[in-house]
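J.: Assemble the whole structure, with the sequences as input and the hints as a guide.
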Amino acid sequence: MSLKKHFQYYVRPAWFVLGWILFLLIWLFYLPTPVFPIISLSIWELAFLASPFLFYWYWKERPPQLTLSSQRLDDSEVGLPVNHINETDHLDGRLLRRMIPIDLTGSIGILGATRSGKTNATKLLVDQIREKTDEQTPVIIYDHKTDFQDHLAEDEHIVLSGQEADVQWNIFEEVESDQDCEELARELFPTTSDGTDFFNDASRQLFAAVLQVMRREAPSGTTPTNEDLVTWIESTTVEELAETLSKHPDLQGITDYIDPDASEQAQGVMASFRKELRNMFQGDLCESGSWSIRQYMDDPQGQVLIIDYPQRLGESTKPLIRFTIDWAIRFALDDGDQSAYFVLDEFARLPPLRRIGDLVNVGAGQDTRALITLQSVAQLYDQYGQDGGNALLSGLLSTIILRLNDSSSIAFARSRVGTYWEEQDTPEYNADGEISGTSIEYVEKHAMAKGEFGDFAPGWGIIVRNDGWVDAQIDLYDDVAEYITDTGPTTAGEEVDSIGERCPYCGEIVTGTECTNSDCTSREMVVK
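Oh and the sequence shown: position 132 is 132 in the UniProt record's numbering, straight run, nothing missing.
Since the hints were derived computationally from the structure, they do not count as laboratory data.
Check the hints yourself; a few may be wrong.
[Unchecked claim] As a list, the in silico DSS-like pairs of lysine-lysine whose alpha-carbon atoms are at most 25 Å apart:
(1) K318 x K145
(2) K275 x K318
(3) K145 x K123
[What the hints assert, rightly or not] Derived CB-CB ranges, DEER-like:
(4) E240 x S316: 21 to 31 Å
(5) T191 x D406: 28 to 38 Å
(6) T231 x V362: 22 to 32 Å
(7) V362 x S290: 29 to 39 Å
(8) N390 x W421: 21 to 31 Å
(9) T237 x W291: 26 to 36 Å
(10) R216 x S316: 23 to 33 Å
Nothing here was measured: the structure is a model prediction, and the numbers come from that model.
Yeah, the Cβ is synthetic: ideal placement off N, Cα and C, and Gly gets one too.
T.: Written out as structure tokens, the structure reads:
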């Protein structure tokens with residue numbers, strides 16, 4: 001950073017004015033004031049007259065404090081802007097003015113109950129991540145509530161969805177070999193936990209076989225589509241499907257599931273298979289198209305891929321959503337030369353991802369990271385089990401902990417914040433029961449009480465890094481976005497200290513030394 005930027009960062013406008021005035025007074029009373037041979041004014045008088053112009057130049061040229069802080073971030077960091085910091089004693093690493101650096105070399109987790117400020121914090125980080133990526137870096141966002149579709153400009157993203165999609169996905173464009181067909185089938189029809197679901201196993205093998213047959217029998221130079229797949233399955237009888245598969249020696253074994261001689265079993269398998277496909281391929285997902293995840297991961301063209309959860313279609317599309325995310329993770333981890341970012345909003349609402357462990361725990365080594373938001377740790381345990389959930393949580397390099405309501409989340413938060421040792425004097429007693437002295441004991445205590453996590457105002461929380469933690473209130477996105485990214489104009493000279501400072505008790509704007517919320521029970525305790 002240039003000398004000018006260093007000066008602007010460390011010297012605030014008020015300090016600059018006071019320092020200049022003090023310098024002039026010292027010069028006036030303690031230093032000689034020679035005059036110019038031609039001009040009748042002394043050097044001191046010239047300096048005094050130049051002061052307003054100097055002050056104006058400094059205010060005009062100096063960017064806001066948050067902008068200066070964001071410029072001091074390393075290439076491997078993003079900054080979380082904060083307007084109030086309570087606790088820094090437990091953090092060994094550096095802090096910037098009004099900004100907490102967060103390491104991007106690993107995955108990040110944001111944990112908080114409803115309306116605790118998760119989406120706000122996520123937007124602050126996503127904008128900075130996008131600024132640090134080039135046009136060849138895939139950024140994949142799972143958008144459970146359309147927050148990010150509304151947040152990003154139309155030309156900055158493409159939406160993959162079962163309704164109102166920007167692209168028409170074609171499952172056959174994902175396939176380059178028979179092995180890919182089998183992998184797709186495993187993704188869409190995962191093995192049950194006990195492995196005894198006959199109809200699920202039959203559907204998985206039938207699906208892989210149908211993909212292979214349709215690819216092989218497609219006219220030269222053409223690629224089948226989702227519409228072709230759905231139409232063919234819906235219009236083909238059990239007998240016709242069995243006959244088609246029997247023409248391919250490597251697929252003849254699959255016909256045992258739909259043996260026309262075992263009519264009842266064959267009809268049951270076919271009915272189950274059609275039902276599963278009908279649930280998966282709905283709306284835009286059963287149309288003719290040519291777009292693929294493979295194509296996007298190879299050349300994202302500077303756009304963000306948003307995987308939308310179509311509320312109208314609901315749970316039936318979750319297998320395909322799981323597939324698209326897992327498939328993208330596969331390509332990201334396979335290509336060690338390419339960076340990739342995954343933003344998984346409301347992560348616990350996703351069906352269990354097969355490759356999420358690799359993404360969180362191995363992805364950093366492959367230049368691939370995740371930003372995960374959770375409402376509660378209990379939801380994560382429901383999906384992945386306690387051991388699996390803890391393994392994922394332990395892979396997060398940084399964690400932003402907002403207001404929490406459930407015991408599992410609070411227990412995790414306290415473990416992340418950690419403990420400290422407190423010295424206590426313990427009385428010692430003699431044989432007569434009298435105090436004969438004291439001994440010093442060190443007692444391990446939690447840095448945060450259980451009840452504190454439930455009292456956080458919106459946006460207030462604990463930012464945990466690998467070098468400690470800090471207790472602070474995160475700025476609102478709309479208040480500070482233009483100062484930390486290039487998404488909007490920067491107002492030169494405006495002090496960020498005056499922008500949207502929030503009450504640590506209720507989250508409302510502070511004016512002077514008092515909260516503007518008349519219902520805030522602690523409004524008179526608020527001090528800037």
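J.: Is the straight-line distance between the alpha-carbon of K145 and that of K123 25 Å or less?
T.: holds, 14 Å
J.: Starting from the hint 26 to 36 Å, judge whether the C-beta atoms of T237 and W291 obey it.
T.: holds, 32 Å
J.: Is it true that the CA of K318 sits at most 25 Å from the CA of K145?
T.: holds, 14 Å
J.: 23 to 33 Å was suggested as the range; check whether the CB atoms of R216 and S316 agree with it.
T.: holds, 29 Å
J.: Does the Cβ pair T231, V362 satisfy 22 to 32 Å?
T.: With a Cβ separation near 40 Å, T231 and V362 fall outside 22 to 32 Å, so the hint is violated.
J.: Does the alpha-carbon distance linking K275 and K318 stay inside the 25 Å limit?
T.: holds, 15 Å
J.: Looking only at beta-carbon atoms, does the pair N390, W421 fall within the given range of 21 to 31 Å?
T.: holds, 25 Å
J.: Take the C-beta atom of E240 and the C-beta atom of S316, compute their distance, and say whether it sits inside 21 to 31 Å.
T.: holds, 26 Å
J.: How does the Cβ-Cβ distance of V362 and S290 compare with 29 to 39 Å: does it lie in that range?
T.: Holds, since V362 and S290 (Cβ atoms, about 32 Å apart) stay within the stated range.
J.: With 28 to 38 Å as the target window, see if T191 and D406 comply at their CB atoms.
T.: holds, 31 Å
In summary, the structure is inconsistent with hint 6 from the numbered list given earlier, while agreeing with all the others.
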